[in-house]
Each structure stands twice: as structure tokens, then as C-alpha cells.
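With chain A held as given, fit chains B, C and D onto it using these hints.
4 protein chains.
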Amino acid sequence: MSRKITAGLVGVTGYTGMELARLMAQHPVMELVRATSRSEAGKKLAEIYPFLNGITVGELEITLPDPADLATCCDVVFLAVPHKTAMEIADALLKEGVKVVDLSADFRLNDKDTYEQWYATGHTRPELLAEAVYGLPELYEEQIRDARLIANPGCYPTSCILGLAPALKNGFVAAEDIVIDSKSGTSGAGRGAKVGTLFCEVHDSFKAYGLPTHRHTPEIEQEVSKLAGTDITLSFSPHLLPIDRGILSTIYTKLTVDKDLDAIHAAYTEFYADKPHVRVLPKGRLPETRFVRGTIFCDIGLVADPRTNRLVIISAIDNLCRGASGQALANANLMCGLPLAAGLPAAPMMP
Amino acid sequence: MSRKITAGLVGVTGYTGMELARLMAQHPVMELVRATSRSEAGKKLAEIYPFLNGITVGELEITLPDPADLATCCDVVFLAVPHKTAMEIADALLKEGVKVVDLSADFRLNDKDTYEQWYATGHTRPELLAEAVYGLPELYEEQIRDARLIANPGCYPTSCILGLAPALKNGFVAAEDIVIDSKSGTSGAGRGAKVGTLFCEVHDSFKAYGLPTHRHTPEIEQEVSKLAGTDITLSFSPHLLPIDRGILSTIYTKLTVDKDLDAIHAAYTEFYADKPHVRVLPKGRLPETRFVRGTIFCDIGLVADPRTNRLVIISAIDNLCRGASGQALANANLMCGLPLAAGLPAAPMMP
Amino acid sequence: MSRKITAGLVGVTGYTGMELARLMAQHPVMELVRATSRSEAGKKLAEIYPFLNGITVGELEITLPDPADLATCCDVVFLAVPHKTAMEIADALLKEGVKVVDLSADFRLNDKDTYEQWYATGHTRPELLAEAVYGLPELYEEQIRDARLIANPGCYPTSCILGLAPALKNGFVAAEDIVIDSKSGTSGAGRGAKVGTLFCEVHDSFKAYGLPTHRHTPEIEQEVSKLAGTDITLSFSPHLLPIDRGILSTIYTKLTVDKDLDAIHAAYTEFYADKPHVRVLPKGRLPETRFVRGTIFCDIGLVADPRTNRLVIISAIDNLCRGASGQALANANLMCGLPLAAGLPAAPMMP
Amino acid sequence: MSRKITAGLVGVTGYTGMELARLMAQHPVMELVRATSRSEAGKKLAEIYPFLNGITVGELEITLPDPADLATCCDVVFLAVPHKTAMEIADALLKEGVKVVDLSADFRLNDKDTYEQWYATGHTRPELLAEAVYGLPELYEEQIRDARLIANPGCYPTSCILGLAPALKNGFVAAEDIVIDSKSGTSGAGRGAKVGTLFCEVHDSFKAYGLPTHRHTPEIEQEVSKLAGTDITLSFSPHLLPIDRGILSTIYTKLTVDKDLDAIHAAYTEFYADKPHVRVLPKGRLPETRFVRGTIFCDIGLVADPRTNRLVIISAIDNLCRGASGQALANANLMCGLPLAAGLPAAPMMP
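Protein chains in written order, with our numbering: chain A, 1 to 351; chain B, 1001 to 1351; chain C, 2001 to 2351; chain D, 3001 to 3351.
Simulated from the structure, these hints should not be mistaken for lab results.
Because the structure is a prediction, the values reported are computed rather than measured.
For glycine and all other residues, C-beta sits at the position ideal for the given N, C-alpha and C.
Do not rely on the hints blindly, as some may be mistaken.
[As the list claims (entries may be wrong)] In silico contact screen, one side only, chain D against chain C (beta carbon under 8 angstroms); selected entries:
hint: 1; residue: L3211
hint: 2; residue: T3250
hint: 3; residue: L3286
hint: 4; residue: R3310
Isolated chain A, as found in the complex (with noise of 0.2 angstroms):
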């Protein structure tokens, strides 16, 4: 590809803009020209982030947002704002006319009224909501690829699908007696200025929060429901780690078939044999959050225990690579043509 791919990033001052610009600086082919923010405009990104003194990307000045400006030199848009202020910018800039990846949870939930329940606020562009690709590339890669308008997945809800899919696609265990015990890492808690997520607060710690009405619970259920082609309702529970990255999800399901761990085993390894960024791992083997560090792998360890007749899955990502800006860069690889890996970090980072 000759010509350079030119994005551009709405939202800097959060994890997922940071972690968007990290991934940006070493992409070969696209370029990120534009990074807003009402409250930075006018430093340049390395001013804000030190890390980047010395990299391309760092003298990127910061603009405000201004879809018209926006879509005179992007060829994608990606939007780490909050939500409710996403679905207002995305709908700016797909009339301009480019294309969008959305790390917000505005376009998620296919349905209105399950958003503005579960969110709490009116959804204002229902209508792009039938338009809108969830993002996850293992599930929906050929749709990606002619979106206009991506749904980036949650950070939970990207861990318990794909550990989930291959279970629920064959049939194998009950739809409706599915429990989710998913450990975030702080990351996952935002970069406000909050007492609660203080290093004192939080290091040495670990906590349940968010029970049982963590937002992320509907999103889960949608796709799990497309997969198992039944509603299911589930219990979902959150836990903060105290940890930068990562989040692992043990997820509990009863069997529902006559399966040893080595069908399953086969089946998951089968349903991912060309998803090379989902990593089945061998039996015995358990995944570790740092394993995936920095990286869109998810990995899946199974265990089958014939004592509760349970098949426990559990399902490692890092939550701001593969659970945000990772995903959402793959997801404009694809939107433009590009190999969905293009500039996301071959190898995670240990220790």
C-alpha cells in the first residue's frame, strides 16, 4: 500500500486514547493526524504524555473537535469519549462521510430501550443503531470490513464472548445457568481523578464492585443470546485488581452434553483455527493476564470438572489493548483494507 491510512482520535486524555496513540506510533501505514481535546487543545501530545517525547506522534498538536475538520483529513475517526457524547460525534462524521470506530458503549446494544435502561440516558441516533458492527473481529470480521460505523466492544464483554462462543455455537452447555467472575485491572477504572482509584486505595487490595448491574452485563447477554440462539440472562460480576492491564474472566457453565475436556478441547481449538489472536491453550494450561500484556491475544484455558459436571472457561486480554484501542485499531485495519494485525504489537510484554 502506497498511500498512508489517515486517522484521527477523538478523546486523548483517557487510558484508551493514550493507549491509542501508543499503538498509532508504531503503525506502518496509518497515520494518526488528528488528536482532540477540549481541555489540552493546543500542547502537543508529548506534552501531555512524556512518553512520546521523541516519536512522531508526540508532536501532534492537539485540536478540538470538529467533525468538518476531522473529516478533512481522516480516513477514520476513533471516538474514547464518554459515552452519550459519542453517538452525537459519530453521527457528525459518518455524515461527513468518514468512517467511524466508536470505543464508546453509544452503539453496542442493538436495542434502544435495553441502552436507555441499563444506561440510564435517551439514545438520540437509534436509527444508526441497526448499522452499527460490533467488533469483534473473531465474530463479525467480514461485516467490519464494510462498516462505516464499528461498536468496539466493552473490556469484559470482549473477555466473556470469546470464551463463551465456541460452548455456547456447539450446544454444549446450559444457557441459562452461566456465571462470570471477571478481575479488571484499574486501567479498566478510567483516568478521573477519583479517591477510590488513589494507588493507597486501591494497591494491596481487591474488591467486588458494580454488583449485579454492571453495564457491561447486557452487552454480554446480546451476543452470548446471537450465539446460543436463545435469550440468556446471566449473572455478571466485576472485580477491581490491582493491576495496570489485564482482565480475566472465570466463567461457569454446567455441561450439557456427554463431553470429555478433550471434545471440547478439540471444538474450541477447531471454532478459533483461524483466529490466530485467540489462543486455545493446551489442556492443564491456564492463562495469565501478563501473558497477553500489550497484545489483542486472548487466551482460553478450559477446565472440566466431572464432580460438578461444570466446564469453567476462563479467558484472558489485556483490557485497554484488546479490550479498547487494540481492537478498535484492528477494527479500522479492517475498515480500511489493511491486515486486521497491522501495528499491534507481535509479542506481549514480560514481566
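For chains B, C and D alone, coordinates are given in the frame of chain A:
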């Protein structure tokens, strides 16, 4: 009480031995008069534990383990040695007339066969199994007072049993559908030199381990079966947290009664009404491991989810204090006629 | 002592207020009878600090700060409020006849001009500067016993002054060539909601800050100058550690006398012979912050380097306990005729 | 460049071997074709490093170290084995005509006696000392391009030498009065199973170690003496940080010239003008280890203190990447005619 109670500690090099030394340093009535270790004999405690410098207990010279010697000077002896080793020392000490609190697993399981199956070794002192009292004070305080031999509960079981007891005793939840997702700080993995628990292998990561055959499973099942009055088989999944201390167990149950959260919460509060070290949190509050750090508190939070008809019980303890040495000391206190909490820290350390 | 000593705490929402509440929870003689906060008045302490649930002190209702009210019921009042605010409350309380331990910087500097220059604000109660006693018990125990107003030392200065005192008092090192490289846990940065102290900004990182004008510099210089008997100007460089608690100061000095490590170590041991909370470590041992965690111990290690003729002094304290609230409590104990360490934890918490 | 450069790695089980594997996973031109280990031979790299699952380099089978075999297929070989072992393998490989980058200390010190004194062992290949090039690209790029044998610098020395070079080369600071206070992440302590580097021993603590005889001292002195043109003896004090990666060195010097910070900053900027991987930060900015994580950047901050006439230089690197394997790869790149930074991450990973 005018005279000192004298105590011995067999096995000082692990984290449970270390924790017991810390607690004994400020006990008003009980005095540590023996500490034994095969590898460190001849040194003062403060030489291997510099934090005990300048504290009386730090001056204690470590000796070789010798039941006869321990019998001459100790009212009670704590065993902080690996399972299998413990059963033999316990027997020898009991024969010498010494009270024993065994922190290993050797006397926790009432059934010899269950022990031998899960621990993959023969039990050489089965005649003591019937006598040993399971040292969970909230459930067995009377028996503990009269006991010669305490099987000090495992760390995970302590958190799980206390969390489940009121629900099972009251028949609120289904016995056949219990999932426990537990997360423990790394001190629970012991103080042995292993690559897997090096700082750089644990820090900034998270994983499940030991699924589905962790040895605490039959211990939990034994005790919750007694509470429920029926045999319970459950799923228990431990995870490793990058924190020093703390266990948080998220327990998923199915409600079998038509009770709302108010009623369930009232039953929990009632169940633990005269048990000040179990704190049933106000509705809407969830436990955090930091809030119990360094103490024998067990904090319990309750979540009812009408969507799934599940009751989610979350319990938090300090794995080293409540989950091992602090509970051991509480048991010894009771065995020696002291108040349960004598010498134990009144308040958690925050942050 | 038959009657309780009563204490008040002005400012409960910061880490020093939190730590004082923890310590008061287990004080045998002193009782916290007032805790004030403008933002949290009306709540019980346990409502804002769930770790105090079920503990007597947690039941205390937070009130608005009112010197007259505090005077009616408190023998001694701790001020855990920002500088400038503290000086005014201190004055009001003293006028009411209450003893005051001020944890802010307002009365630490003997010289009004130095205060105004480094703190960039006017001092409105300079008449109290001469009366205020610098509350470092190892140096000023007698004066503390008789004081009405204690200027509780800063965290860094406590570690630095205790480390340097024997060397300077004995004239071992050059007054004009002192470099202090200090590292503090993040609780020292306060409990305000700021992006810079969010978990993800601090964890897995390390930095220096505030060079070369940190406000603890003149406080250190004032006290070490008194010890040396000559005006000292030194380099002080603080750093931020990704730990909750602890300060370690590495102090570089030039030897001016022909003394070997044995002689220097003997002089240190002698200097602190009757000061049990300063532990001069055996030669060859170096302090670690964990070994003093939760206590008022100050551990000092000594290294002589014949190659450079430098004496390197390393001192470790717990910045919240010895560096703030624990030392404040020790001072209040002395002011109220109690043993210095009454109510303070006897042993550090490890790990 | 059309053909692949082939590389071998002797010693894969430590953190430096692990880091080199990570970096090679995304090198566009250089390919890892051999990885050796006595203990792990026969396994694939991904079996011992699950983070390499699904990545080409992870498929590489570990072999026994065999110089002849390495010579048949490798253009360049990295030695990630302990000192003493390295010198012998290096010699054997050189005799086979292979270029060698030695990550051990064996060829860093030009003087055999100094090596033998500080490392307490004989040097069996002293004839190679004169030929070995000290692999700090900012100082020795030309010699590195032509070298057969690279002595890859130590982690601490890299941070210290880069920090001091402009000041010493320009004669700004006194050669006889340099104090270096360095702090390293725990990966620098190696991947051996030792109690001292267990998670619970390191996490939430901080200490100095190895004073005053850390083996990196003579290496630093050797290189800064060359820069200053005079023999330098300095104080070097390493500390252990509870982070995975990163070294921050705080370097205290005495100014000997009448230069203000502007002039000094300009000289630093000039010195590193064409060295893009050393980032001299804007005045008023200080380095943080997170800002260089995973890269070969070295960030330098400058503080002038008129009160003490000291220049404080603070430098930050990633100890595993710039301090070991990344710098080794940069050296190999240069030796093989590639751009210095080929295959190295362009941007740090944040958070």
C-alpha cells in the same frame, strides 16, 4: 489471670510462623517460649526476622523441634509445618499432655479416606481425627474451649464457610448449585523459593490455579454439608492475587426461598449477632481485603440479583491472620480460658 | 492510671487522620471522643472508614470543627489539617486550654521568615513559634512532656534527622557535604483526588519530584544544624515509591574523622541506647521499609566506604506511623504523662 | 536488505533471555534460529514462555549450547548466561567466526585485575579484553559497527554513564565528588528461585543492597573516567524497587563552572543531538521509569540547586530493554549493518 500462658511454635520459617511471632509480640498474657526450626536452630528469631529486632519475642532462640522439651515448658503448641509432618508431632505432643493447634490440613477432614484421596498420602494418626475440633470459633466455640487438638481451618475454607453458613443453615439456597470463586494474596502460596512466586512472576498479573482439584475443596464441602444438613458438592476455583495478604471469595448461590435482600441480610445479622469478628456489611456495601488487613475480621457483603434469582455472597478475610495464625491464636486463647481476641489487633491497618 | 485521657482529631479524611483513628482504636488509656471534618460531619467514622466497622472508635460521629466544643471534652487535640489552617485552630485551642499536637508544618520552623519563604504564605501566629516543641521524642522528650503545643515533625525530616543525629552530634562528618536521597510511599502524597497519584500512574513506576525545593528541606536543615552546632545547607531529593507506607532515606556524608565502622556503629548504638524505637542494625544489615511497617520504629543501617571516605547512613520509617500519626500519638502520650509507646503497635506487620 | 540475519541466544531461562525473545518476535530482518539452555533443551520456547504461544519465535525448539552448531547457522549470538560461563562460550564462538554480544560482565572491564578483584574469580580469556567493545551506542557506535565482540553494558552503568557523559565531557562537574543513588526494578535481581525476591518479600517494601561494593561500580568508574579524562572514584548505591522494570539513577554532582541550568541543558541537548534514544527532558521535567518502559529510551532530567551548587542529574531506563536485551539487540543491529533501532519498540507501554 496472674500467670502467663506459655506457648511454643513448631516451624518458624514460613509466613504463618512469621505471623504468629508478630501476634505473640503483643499478647498481654500468652508468651512465646519456644520456637523451633530444623534449618534455623541456634539463631534468635530477630536474626531471621529483622522486623522483630528490639522486641522481646525477637530475642527467643530458635531450637530444634523436640516434643519432650516443648512439653516441659509449653501450655499450648502451634504447628506451622507441612501436612504429614504435623500429624506426627501433634500425636507426640498430645501424648506429653500439651494442647495443640495444628495449622496444617492433617486433622481438618473428619474422614481418613477423603484425606488420603485429596492429599495423596496415608494418614498415620487416624485415631485422632474424631477428637480434633475444627477451629472455626463462630461455629465451634464451645468445643474449642474443651479441645486438646485443634485442626485450624484452611484460609479459603474460613472465608467460604463463614460466607455460606447463614444461608445454608437457614435453607435459603440450593445445596446443589454453589460456585465459589476465591482470590488469595500471594502469602498463601508459602515462603518457599520458587520461580512461580517471584515478584516479577506475580506482580502486575493474575491467574487461576489448581482447578478443579484444590485441596481445600473437601474441607469446604465437609463443613457446609454439616450446615446444610445434606451432602454438598460444589465448584471451588482459587486465584492468585498480586497482594501480600487477603482472600476475597465470591460465592454464587441459587435462592430457593422467596426472600428479599432485607430478609436475607437480617438473617445474616442475626446469625452473627454475638460474633463480633464477622461483620455483615450494610446492604449496598461490599467487602475489600484491605478493610480486614492484619486482623481476624471476616467481612461479608450480600447481593441479591432478581434477574437470575441468585444470591451472591462476598466474604473477605486476611489469609494469614484470620486464615491461619490469628485464628490459631484465637483458638489457643479459647483453649487456655482467655478471651477469644486476646492479643489480636483490634483494628485493621489502612492503607 | 484510672481515668481515661480524652482526645480529639481535627481533620479525619486524610491518611494521617485515618492512621490516627487506627491507632486510637487500640489505645488502652486514651480515647478518641471527637473527630471533626467539614465535609463528612454527621457520619460515623465507620461510614467513611469501613475498616472501623464493629470497633468502638468507628461509632464516633464526625462533627464540625469547633474549638470551644473540643475544649469541653478533650485533653489533647490532634490537628490533621493542611498548613495555614492548622495555625489558627491551634491558637484557638490553646486559648481554651487544650494541649495541641499539630501534624502540619505550621510550627516546625522556628523562624517565621523561613516559613513564609518556603511555604509562600504569611504566618499569622508567629508568637507561638517559640513555644512550640519539635516533637521528635528521641531529641526532645523532656520538652515534649511539658509542652502545650507540639509541632509534629514531617515524615522525611524524621527519617533524616534520626539518621544524622549521632554522626553530627559526634562531629564525625562534614557539615557542608550532605546529600539525602529519600524515597517515600504514596500515602505521603495525601488522599486528595489527583490524576498524578492514581493507581495506574504510580504503580510499576518510580520518579523523583519536588527537586530542589521540597518544603521539608529547611525543616531538616534547622534540626541538623542544631545537632551539628553550625548552619547546614544540604541537598534533599524526595522520590515517590509505589508502596503504601514507608520512607527510606539514603544519606551520604563525608567522614572528617579517622573512625572505622566499628567506632561509628558503637557511637550510634550509644546515642540511641535508651531509645528503644530507634534500632541501630548490626553491621552489615540494611533497613527495609517493611521491617518498620505500622510502627514507630526507625531502623538505621551504616555503611562506611573507604574508597570514597564516605559514611552512608540509611534510615527507614513508616511515613504514616512514625512519620506522622504514630509519632503524634507518642507525643500526646508524653504530654499526658503516659509511656511514650502507649497504644502503639509493638510489632511491625510482615509481610 | 533481502536476506534474513540469523541470531542465536545462549541462555533463555533468565529475564534477559526472555526479553530478547520478546524483541526478536517482532524484528523485521533478524530471525532467532537458535535458543539454548541446559535445563530446558528439547522444549519449544512457548512451552516455557506461554506468552510466546502462537508467535513464530515461540515454535523454536530449545537446544543444548554447542558453539559449532551455533556457528553453522548464526550470524550473531547473544550470551545471556552468568559471567565466567560467558567468557568461554564467547571465545569458542569467536573462533568459529561468529559475532558475539555478551550480556554478562566478562568483557566490560578493560583491566583484567579489576575484573578479578571485583568478581572474585580469574579471567580466563584476558586476550579478548582489548578487542571487546563496550556496547553503549551513544558513545561507541562506530566501534560497535566493526566489532566482533560486544561487552553489553550493565543496567546500572548504562543509566549512570548516559546521565553523566555530557557533564563530564564538558568539564562541568567535579570528578572527585560524585554520588549515584540508583534504584532498580526487581527483574534486575534475576529469575533464580530465592526467598529474597519472592513477591511477598519485595512488594510493598524498599531497601538498599550491596553497599558499598556492587560490581557495577568499577564499570561505571571506568567509563566516566574516560569521559572526564581523569580517574574517578565515586559512590554508587543500588536499591531494589517493587516494580518489574526500570532503573532510575539520581546522580549528585558539584558544579565547577559558572553555568546556569539553561547552559547545562543546552550542552546536554547538544551532546545527544543526533542520538534519538536519549531524551533530554525539558527543564522542569523529571524522568519516570514508566515513560521508557519496554524501550531503549534513556530519559534525562536536570536540576541545578544554587543553594548547594549541585547539579542533580536524573536518568531513567528500562533495565531489561535498554539495560540489557534491547541494547544488546541495538548492538547486534549495528554489527550486522542494520539501523540501530531495527525491531525495537518505537513507543513505551503506558500505563
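message = I'd like to know which numbered hints this structure contradicts. Please list them from smallest to largest.
response = none
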